[in-house]
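Residue numbers (the working numbering), protein chains in the order written: chain A, 1 to 61; chain B, 62 to 515.
Quick caveat, the hints were computed from the structure, so don't treat them as lab data. Treat the hints loosely; a few may be bogus.
[Stated by the list, open to error] Simulated DEER-style distance windows between Cβ atoms:
1) B:Ala79 to A:Arg34: 49 to 59 Å
2) A:Asn17 to B:Ile405: 30 to 40 Å
3) B:Arg445 to A:Arg34: 20 to 30 Å
4) A:Gly19 to B:Ala474: 37 to 47 Å
5) B:Gln324 to A:Arg36: 22 to 32 Å
The beta-carbon is built from N, C-alpha and C at its ideal position, and this holds for glycine as well.
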Amino acid sequence: MTASEAPEDARVLPGCNAGEVSQARQAAEQLLDRFRRIRSQEALETIADLVRPRDGADGDG
Amino acid sequence: MADFETIPEIADGYARGAVSPLEIVQRSLERIRQRDPHLSAFLEVAETHAMAMAAKAEAEIRRDGPRGPLHGIPFALKDVFDREGFRTTAQSRLLAKNVARRSASCVARLEAAGAIFVGKLATHEFALGGPAYDLPAPPARNPWNPAHFTGGSSSGSGAAVAARMVPFALGTDTGGSVRNPAAACGIVGMKPTYGSIPVDGVVELSRSLDTVGPMTPDVTGNEIVLRVLTGCPTDDLVATMAPTALKGQRIGVIRRFYRTDMQADPEMAAAIEAALATLSDHGAEIVEVDLPPLQEMADCSRVILVSEAYALHRNLLQSRAADYSASTRARILPGAFIPAADYIRARDLQHHFKARIDAALAEVDVLITATNMETPARFDEPDRLTLQYGRHARAPFNLTGHPALSMPIGFSASGLPLAMQIIGRHNDERSVYRIAQSYHRLAPHTIAAPPDPD
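Go ahead and model the full structure; you've got the sequences and the hints to work with.
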């Protein structure tokens with residue numbers, strides 16, 4: 001999907017030229033590319049962590 | 062009146078009857094008239110108001126003595142702070158006619174303590190846009206060399222205090238915007254613990270990061286302003302500490318930030334090492350600490366900042382984008398492309414990184430590292446100015462909310478200020494000021510005023 005086709009781009013486009021929006025998208029993508037590579041213990045993405053009971057009670061299904 | 066440059070000096074002068082509020086405010090206004098045409102620090106000067114308040118303060122002091130160290134002290138505000146009856150423009154066309162109906166709480170506290178509002182200071186548009194020439198007013202210039210940038214976004218605050226037009230100013234720090242101009246202009250700038258100073262009446266940029274901070278020529282004055290802003294007593298300042306206060310202090314140095322994660326300019330790195338040696342020679346223990354990579358914390362902070370800034374400005378960007386500076390649009394628009402899941406993860410990681418820095422500070426009294434990696438660029442070097450935008454070690458402490466102070470530690474070969482950053486535990490600004498004041502006593506030549514511009 002090109003910058004001009006993305007729905008969010010259409011919403012931010014009024015008053016901003018396509019070049020500006022394209023550059024902003026690129027800047028965001030570069031930032032997100034670095035950010036998403038941050039690894040931390042809290043960012044474990046196993047299924048066990050996703051379904052871990054939050055209140056300490058046993059979950060059995 | 063060459064000696065009455067800092068808050069403690071002026072307050073002492075008032076107490077002794079050696080100088081009066083009218084004299085100090087008149088001098089401030091005269092300096093603004095003489096120096097500001099070269100520096101563009103001020104957007105608006107409240108001359109009539111300041112003189113009336115000075116006369117009032119003078120009568121009060123003559124009758125009852127000073128009611129505190131800020132009584133009769135002139136100050137100025139980055140133009141994101143509301144002061145009742147005056148415009149708050151955030152240096153934007155969008156707020157050109159915005160007159161504050163009430164003062165920000167932090168401003169009200171300063172005035173309740175007797176400080177005298179003198180005027181509004183230049184800022185980057187909405188505290189974000191960067192030095193720009195497509196705004197109602199030009200960018201502020203560095204008093205050490207007006208061909209150079211002041212650092213931002215509290216650019217006018219840095220210039221006004223460095224040029225001694227006012228003994229203190231307020232700035233805001235969301236990504237380093239008190240510490241950056243403090244470092245670039247050779248003054249003391251504190252970003253206190255997040256949440257310690259109310260932000261009502263202050264133009265918002267990023268609600269999870271925005272912090273108000275004092276900017277002064279000296280450490281003691283900075284501590285006085287912070288105490289008043291946080292509603293704390295102004296006695297028992299670190300200035301009253303014994304000269305042996307450094308003995309037994311443990312300082313953790315974060316060398317990786319300015320040696321490997323980024324490379325500071327050799328002059329800056331050498332000045333930081335020299336400052337550490339001075340502290341060590343006089344009793345402090347210096348230990349190296351390891352923290353997560355600088356870029357990780359900077360990127361995490363950036364995800365939060367641009368997301369929140371874009372959310373704030375989204376509607377106006379759709380209807381009045383052309384009224385923003387191009388550089389402001391460039392910095393806000395990336396927020397439109399940050400998914401919610403990444404923003405939420407960044408907020409989660411914020412706690413993780415805070416815990417890492419808390420763990421480091423459990424072993425030492427303060428941390429020290431670079432503020433900026435180099436001295437400020439010239440305005441006619443736009444590529445270098447743009448590159449400098451990301452070359453610093455300020456953002457981690459916006460992310461984690463720890464108090465962080467920048468102070469001058471010398472000058473480059475070209476005469477521009479060099480600086481270091483001191484970081485403390487949450488709500489332990491006192492330890493930060495203790496180290497800063499100790500260093501200032503050992504290296505008083507590092508706090509100096511630039512020559513008058515011609």
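Gln324 (chain B) versus Arg36 (chain A) beta-carbon gap, inside 22 to 32 Å or not: holds, 25 Å
Could you say whether the range 20 to 30 Å given as a hint is met by the Cβ separation of Arg445 (chain B) and Arg34 (chain A)? holds, 22 Å
If you check the beta carbons of Asn17 (chain A) and Ile405 (chain B), does the distance land in 30 to 40 Å? Holds - the Cβ-Cβ distance for Asn17 (chain A) and Ile405 (chain B), about 31 Å, lies within 30 to 40 Å.
Does the Cβ pair Gly19 (chain A), Ala474 (chain B) satisfy 37 to 47 Å? Between Gly19 (chain A) and Ala474 (chain B), where Cβ atoms are some 40 Å apart, the hint holds.
Range hint 49 to 59 Å: satisfied by the CB atoms of Ala79 (chain B) and Arg34 (chain A)? Holds, since Ala79 (chain B) and Arg34 (chain A) (Cβ atoms, about 56 Å apart) stay within the stated range.
Violated hints: none; the structure is consistent with every hint.
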